[in-house]
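S.K.: So you can see what is in the structure, the chains are spelled out below.
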Amino acid sequence: MRTQSELKFEPDLVDQSLPRRFLKRFPTRNIDRVLVLSVLALSIIGIIMIYCATRADTPSTYYLKRQLVFFILALLFMVLCAGFDYRRIIPYSKFIYVATLFLLLLTFVFPARSGAHRWMSIGIFDFQPSEIAKLVTIIMLATFIADHNMDMSDNREFLKALGIALVPMVLIFLEPDLGIAISIFVIFVGMALVGGARLKQIAVLGLATIATVVAGIELHLLKGYQLERLLVFIKSDIDPYGAGYNLLQSKIAIGSGRLFGRGIFQGTQTNLKFIPEHHTDFIFSVVGEELGFIGAALILFLFGLLLWRLLRIASGARDSFGTMLATGVIIMFFFQVLVNTGMTLGIMPVAGITLPFLSYGGSSLIVSFMCVGLILNIGMRKFPQDVQS
Amino acid sequence: MRLIDRSKLKIESNEAINYRPDAAHEKLRRRLAILAVIIAASFVLLLTRLWFMQIVSGDEYLKKAEGNRIREIALEAPRGEILDRNGRVLVKNRNALAISVVPEEMGNEEQVIDRLSKLLGIGKGEIKRKIEKSRAPNQRAVVLESDVSEEIVTYVREHQREFKGVIAGTKPVREYPHNELACHLLGYLGEISPEQLKEKKGKGYRLGDEIGLSGVECTYDEVLRGKVGNYRIEVDASGNSVRQLYREEPRSGMSLRLTVDEDAQRLVEDALKAGISIARKRYNPELGKRYAAGGGAAIVLDPKTGEILAMASYPSYNLNEFVGGISKKAWKELNDPKNMFPLNNRAIMSELPPGSTFKVVTALAAICEGISKWNTPYYCNHVFTEGPFKDYPKYCWSMHHGIDLFNGIIQSCDIVFYRLGYMFWLKQQKEEGKPIWEYAREFQLGKDTGIDLTGEMDGRIPTPDWKKEFNEKHGGDVVWYPGDTVNMAIGQGDILVTPLQMACVYAAIVNNGKFTRPHVLKWTEDDSGKVIRKVEPDVYAELQIPQDSLNTEKTALEGVVKGKGTAAATFEGFPLDAIPVAGKTGTSEILGKNPTAWFVCYAPAGDPKYVISVAIEEGGHGGESAAPVARMILEGLFKIKTSGEILPSAGD
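As given, the protein sequences belong to chains A and B, one line each in that order.
Read left to right, the first sequence gives residues 1 to 389 (my numbering).
Read left to right, the second sequence gives residues 390 to 1041 (my numbering).
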């Protein structure tokens, strides 16, 4: 059915081979090279740091090899996501959204790992639907907000949009994966604000959230460790071996890096495993320790560069859907960078949020690159002549 | 609900670039600009934080990282051994299985303590106290329990995860192969107290160290302990050693070669013990019950060198009870007055009136003062009533009839010495010549001998000034009476001496007036047996007494063990021709208690090799309780085989 409708608009492409058709639709001259280079740099530094963090494990290149494979897969996904007119997603938004909710429900069928239903095993790769749910929620919200003329100031529309975010959020919260649930909430708030919501609405939402959290604690819906994690960053120095231990070790690692770092492979906090989960949530601590202020600031600079290019594309997009999609991705990346690095620096709670492009993990890396692909897509097609006709 | 919006499947190709109205577009741009500002501000915040942590406080964090990574472990230096004069081991070391904790690494302390308490069977409170006591800036293990079983060590090692910061390993501890032998001389170890730590500052002592608390372990602690080594390793987060960074080997302590002879020591201890158990069976008609004989001491001293060949104190204790820290119960028992304080070394700590053994001093003093000659005749009719003593008569233990000073020593006649005392009193009144207490001081009484053992007492030589001062404080009579001088002449009253001091007095007499410092250390030696420091004889005082007077007195002392002598019965059957023995009995009365039995002697009398001093508290008369002990010792030392029972002598 889809091909039929496409054929209607592009009769001249029927007899062409698939690669040539693909290239024709790919207006490469408008690709944002700075954006591409910044994410490539981040990913490559990430792969090196993952090796630094895990080379003591056996086999020493296990994580390195896997992340390399994920990286190549992620690049493919990025190209795929950039390879068609992004507006073609709009009619399928609802379908993708419902399918993703189904996937999230499906995780509960798979056996729990360390007490959480986050993963679905697909052969050697454990797929994490909550990662893709972030992107899908952004797509759904962008579709919805664009559909309603960027006017979220209307309370009914605002609540509908909230509903769109809330369903995957609750499912992910129940997995439980507090970090991603909070990410989706923040993505919603940011997109709603850019999409015309008033601060008053957000304030009411904030109050309602606090009330819900308090009620959650009272009714013991929030797990003990989640609450502890959220509170612990305040008192990390008092309780070095309790819940604040990770945080303190991370701060020691980063601090001890000083200006030039302790040198690649030389970080004692990393090599002697004082930093917990050093290849996933605490990868920034490894950067801080081994590459010092120079390295950590470079990472932040690259993220700044990325967000700046994303903002440029968001504001230059030819339609509201494109703007909202880009906005959602910006907020997602920004929130993850802020909370993750802030956590390793001891100024944000330990919420279990990964650092995009750097943390080890296939789902996160692939979804991040898919996001980049989609935004490149928006940026490539902001001129009418680039749109296929 | 339709999942696919068919109306949007078609893409308008010729849409305007900015299809939005300008106003709406402006609004959107403004919102994105606000978002950009928020993002920029956050990045500035992150960079500032990064700057403060890495550039401003970087060194501090680096120190913490090094502290994380580097674990300093003290390598305990093996303590020196203690050997007898022939090189036989009296104290050595062995490795004991021990459970220790490093408090900084325990993590969940409460939980670990709880598990340890169950495993070791010690109270949680006690564990916490031990940890608290040793929690010091020097990260080191606190030993909770030594000599644990192999199973406990294995259990902890297999469950190391549950016992974070707990070390199951070995620790060198003292071993005493002979248990009680020479316990007072050797001394026990214990944990250093904060006061001792302050006192020994700068000498490498650390909190939680073991330190010698008595005997040579205490006097020579700094020699024995050696120097602690240092071992620095890199550890990972679970505390496993990754590699060694630095190592300074410990230097083991010096060994002590004592003057003590293991065989002589055993002999003296056995003799003393036997003597005391015999005394306890003897009936005291004056008190109407058996002698208490609660404790005693015996010393064998080489008069020429001052070397202590044996030094026994009864009751004794088992040194092995102190290994790895003495239990509360055992400690309480050792300090219970009922048990006569076995920790005390009575040879240097018991202050007793010397009784008649002091008469050697009185006699020489009287000769020097010209009060009497050796052959000046006296008459003993059992009671002394001269001058003021008409109203307060003093009695002799026997009736000696006509007697001179020379025989007064042999037969220990009190009347002779009351008379001498009275003469001293008269001269003292006229402030003529030297008072009797000055002579006592010249015999080095009233102050410690300076032996290399801790806790030695001074004894007491009373003087009118002392009496005044002492009794003003204690509410007694401050006046010095003739009785005070007369009592002192027979070694009674306020005069107090230690068994070692008495041995030194007799050693000086046989040494022609020279006082050689008594000592128990012969030399210190290193691992290979090389002598490091040798103790040379130290003459610390000399008597100004004519040689012939000393010689006459020595002849008199030889008479004590034969004929009419006060110890004659005891030495019946002893080969005195081959090994002439000279000595003096003593019986010092303490009101309301059994008398203290004394016997101080030396042999062979011509060229003495040994001076022996025996004192048994509440043991009865010197001749009956102390002299037999001395004979047993002599028999052992000279390897004399005699048959039959050693008889008590009736003499005082």
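Hints may contain errors.
Here are the simulated DSS-like cross-link-like pairs (lysine-lysine), alpha carbons at most 30 Å apart as the crow flies [as the list claims (entries may be wrong)]:
#1 A/K200 to B/K416
#2 B/K399 to A/K94
#3 B/K717 to B/K862
#4 A/K160 to B/K416
#5 B/K721 to B/K762
#6 B/K416 to A/K94
#7 A/K160 to B/K857
#8 B/K1028 to B/K982
#9 A/K273 to B/K416
#10 B/K452 to A/K273
#11 B/K553 to A/K382
Think of the hints as simulated: they come from the structure by calculation, not from any bench.
S.K.: Next, verify each hint and record whether it holds.
M.R.: Evaluated hints:
{"no.": "1", "hint": "A/K200 to B/K416", "result": "holds (17 Å)"}
{"no.": "2", "hint": "B/K399 to A/K94", "result": "holds (17 Å)"}
{"no.": "3", "hint": "B/K717 to B/K862", "result": "violated (37 Å)"}
{"no.": "4", "hint": "A/K160 to B/K416", "result": "holds (22 Å)"}
{"no.": "5", "hint": "B/K721 to B/K762", "result": "violated (55 Å)"}
{"no.": "6", "hint": "B/K416 to A/K94", "result": "holds (28 Å)"}
{"no.": "7", "hint": "A/K160 to B/K857", "result": "violated (107 Å)"}
{"no.": "8", "hint": "B/K1028 to B/K982", "result": "violated (36 Å)"}
{"no.": "9", "hint": "A/K273 to B/K416", "result": "violated (50 Å)"}
{"no.": "10", "hint": "B/K452 to A/K273", "result": "holds (17 Å)"}
{"no.": "11", "hint": "B/K553 to A/K382", "result": "violated (62 Å)"}
In this structure, the earlier hints numbered 3, 5, 7, 8, 9 and 11 are contradicted, and the remaining ones agree with it.
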